[in-house]
Amino acid sequence: MNTLQTLVDAVALGSLFALVAMGIALVFGVMRLVNFAHGELLTAGAYALFLTNDLPLAVSIVVLFATVIAFALAMETSVRPLRSASPAAMLVTTFAISFLLQSIFLVVFGSQGDNVGILPELNQAVDIGGLRVRWVTLTSIGVGALLLGGTALLLNRTTIGLEMRAAAYDFRTARILGVRANRVIRFAFVVAGVLAAVATLMLVVQRPLVTPTFGFQFVIPALVGVVVGGLDRLTSATLGGFAIGFATAILGDVLPSDARVFLPSVVFALVIVVLLVRPSGLFTRARAVVERV
Amino acid sequence: MRRRQELAELGGPVALLVLVAVLGSLASRSLQVEFRTALVSATIVIALYVFIGNSGVLSFGHISFVAVGAFAAGLVSVPEALKLSVSPELFPLIAGAEVGNAASLLIAAAVGGVYAFLVGVPLMRLSGLAAGIATFAVLEITHNVLRNWPRIGPGAKTLSLVPETSGFLQLTVGAVAVAGIAYAYQRSRPGRLLRAAREDPAAAQGSGVNIHRQRLVAFTLSGALAGFGGGLLVHFLGSITTEQVYLDLTFITLAMLIIGGVSSLWGAVVGALLVSGLNSLLAEAELGIGGVDLPTGTRLVTLGAVMALVLLFRPAGITGGRPPGALLERLPGQLRSALSGRSGGR
Chain X
1 MNTLQTLVDA VALGSLFALV AMGIALVFGV MRLVNFAHGE LLTAGAYALF
51 LTNDLPLAVS IVVLFATVIA FALAMETSVR PLRSASPAAM LVTTFAISFL
101 LQSIFLVVFG SQGDNVGILP ELNQAVDIGG LRVRWVTLTS IGVGALLLGG
151 TALLLNRTTI GLEMRAAAYD FRTARILGVR ANRVIRFAFV VAGVLAAVAT
201 LMLVVQRPLV TPTFGFQFVI PALVGVVVGG LDRLTSATLG GFAIGFATAI
251 LGDVLPSDAR VFLPSVVFAL VIVVLLVRPS GLFTRARAVV ERV
Chain B
1 MRRRQELAEL GGPVALLVLV AVLGSLASRS LQVEFRTALV SATIVIALYV
51 FIGNSGVLSF GHISFVAVGA FAAGLVSVPE ALKLSVSPEL FPLIAGAEVG
101 NAASLLIAAA VGGVYAFLVG VPLMRLSGLA AGIATFAVLE ITHNVLRNWP
151 RIGPGAKTLS LVPETSGFLQ LTVGAVAVAG IAYAYQRSRP GRLLRAARED
201 PAAAQGSGVN IHRQRLVAFT LSGALAGFGG GLLVHFLGSI TTEQVYLDLT
251 FITLAMLIIG GVSSLWGAVV GALLVSGLNS LLAEAELGIG GVDLPTGTRL
301 VTLGAVMALV LLFRPAGITG GRPPGALLER LPGQLRSALS GRSGGR
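If you read the sequences in order, they're chains X and B. Residue numbers for the first sequence follow my numbering, so the first one is 1 and each next one is one higher. Residue numbers for the second sequence follow my numbering, so the first one is 1 and each next one is one higher.
Excised from the complex, chain X in its bound form (with noise of 0.2 Å):
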């Protein structure tokens, strides 16, 4: 019984990290940047939650849904100027970003931590069966899962879908073919947004307390998830988000108590392993070659 519960958990970490994962993935496809500051989408989301704490629940989250697609576009919008050039200065500007941002939040809210009041009803728990699983995560699940297969259906059966799509295949074919570049880089960064708009809310719940490093804290380990899957492509980069919080949880679950502190040291040299065997990705389908020598 108590594996399955610690099963439910880790299912739950991974969608929330998979919904991350998914943004910064689609992003990385249309236009080659790994954002760092995408964690800073999900610190605002929260700090906007803070704020409408005593407005209706809707407000709320039309507000929080607003703000993060704000976010994103105004990352989109700043970032422009990097489009050609090197990935590792795009890596450090969205480094720089992230930091700008997490200063700005130190200065308003400071760094004691504001609670969000959000739905606590979802910290229940609820019994299936002997197991008790709280609301929240029964929804991070279903949300996940849900948002997870839109997302499919938006890439697979949608005209912009399928420009995204292109891009993210041969971003100068597509682009003499007639897809638009700033449209379709700017619906990458919206659909992250929503994403890591839910994502916060999910995430919210069950850590009330936001401080600027919030999304940080939560994004980097969903970072390192993705480029172990392997960014090429989306599914590969979700599945790898996903498979860094299930196997968090677990190892979690698993470590003899005295040596839990030591589970970061525990996941990330299961990362350097996987990155020596598969450098291109755990998830990628052939096993790419490192250099083109």
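No wet-lab data here; the hints were simulated from the structure. Careful: at least some of the hints might be erroneous.
[Said to hold, decoys possible] Here are a few chain X residues that face chain B, going by a calculated C-beta distance under 10 Å:
| # | residue |
| --- | --- |
| 1 | L73 |
| 2 | A74 |
| 3 | L91 |
| 4 | I104 |
| 5 | L106 |
| 6 | V227 |
| 7 | L263 |
[To be verified] To list a few chain X residues with every Cβ distance to chain B over 12 Å, as calculated:
| # | residue |
| --- | --- |
| 8 | A66 |
| 9 | S103 |
| 10 | G117 |
| 11 | Y169 |
| 12 | R183 |
| 13 | F283 |
Values in this document were obtained by computation on a predicted structure and should not be read as measured data. No residue lacks a Cβ here, since even glycine has one placed at the ideal position from N, Cα and C.
On the provided structure of chain X, position chain B as indicated by the hints.
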């Protein structure tokens, strides 16, 4: 002309470091701390440059080597009784060791170098994003283990009462020595082979360059220099915690390197000193100087904004990776001839 340019490649950075040291020792006591911080930062950034600049591979893990260097140098400098009162479970070898200042710095360099070598053997096969994430994983592991394993250090507690021997003399000699080593390396055969591999991996490998080995050489050297920088740091601060050698330092040193320009020693030094200078200026302004009194937190926001803007609009850094002499050549013709006329009519 060519000879002069080569000299400027080392002379420029060294002159700048010495200038900062001289200015610093003339400054008021409270300002001296800022100048010494700048020199330590420059040392660490040059260490980063040795690997990142020459190989073109991004590393988020170098602060691990600074961390092990800092704790190694700190632990061997503090008396045994004191160490055991902070962390009674220390390995006897570490608890019993007590050496002088110079030896502790060499130990820091050795520990950093050996650790970098061990990490580098498997990791140097990676490049691009995979290398970035793997080195980041090294940073996380190092931080996690240092923080939670009381047998090798003070864990989450502060290691304090380290002798504060890093005055201007020690910091300047240290920074200049590290710059000299970085220069000697980039001019040596291994350094040139690695730079060739950075420019065109396929052609370099085709001409018989063993990229893995050359990267490992640079990574190890760079790790040793970073460990040495950690030693200087701990002797400057007098006390240290694992949080001081973790994400913030990683970000700020990388930003310094990239703002200055990754691909030259000059860029590394200029970036480190400029960003430190800006940082100090803003910190002073927050306390209120010369009628300016900025609200607390402005420093972080401004620093973040400046970094983001430089990176967005000058991704090759403010020096563009050029040596110091290039600045002279880009001046308008008249001004240039006037300048060179004054410097001996050549």
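Here's how the hints hold up against the structure:
1. L73: Violated - the Cβ of L73 of chain X stays beyond 10 Å from chain B, reaching only about 17 Å at its closest.
2. A74: Constraint on A74 of chain X not satisfied, violated at 12 Å.
3. L91: Result: holds, 7 Å to nearest chain B Cβ.
4. I104: Since the shortest Cβ distance to chain B is 6 Å, the answer is holds.
5. L106: holds, 6 Å
6. V227: This interface hint holds because 4 Å falls under the 10 Å limit.
7. L263: holds, 8 Å
8. A66: holds, 24 Å
9. S103: Incorrect as stated: the minimum Cβ-Cβ distance to chain B is 3 Å, not above 12 Å.
10. G117: Holds, since 26 Å exceeds 12 Å.
11. Y169: holds, 18 Å
12. R183: holds, 22 Å
13. F283: holds, 14 Å
Of the numbered hints stated above, those contradicted by the structure are hints 1, 2 and 9, listed in ascending order.
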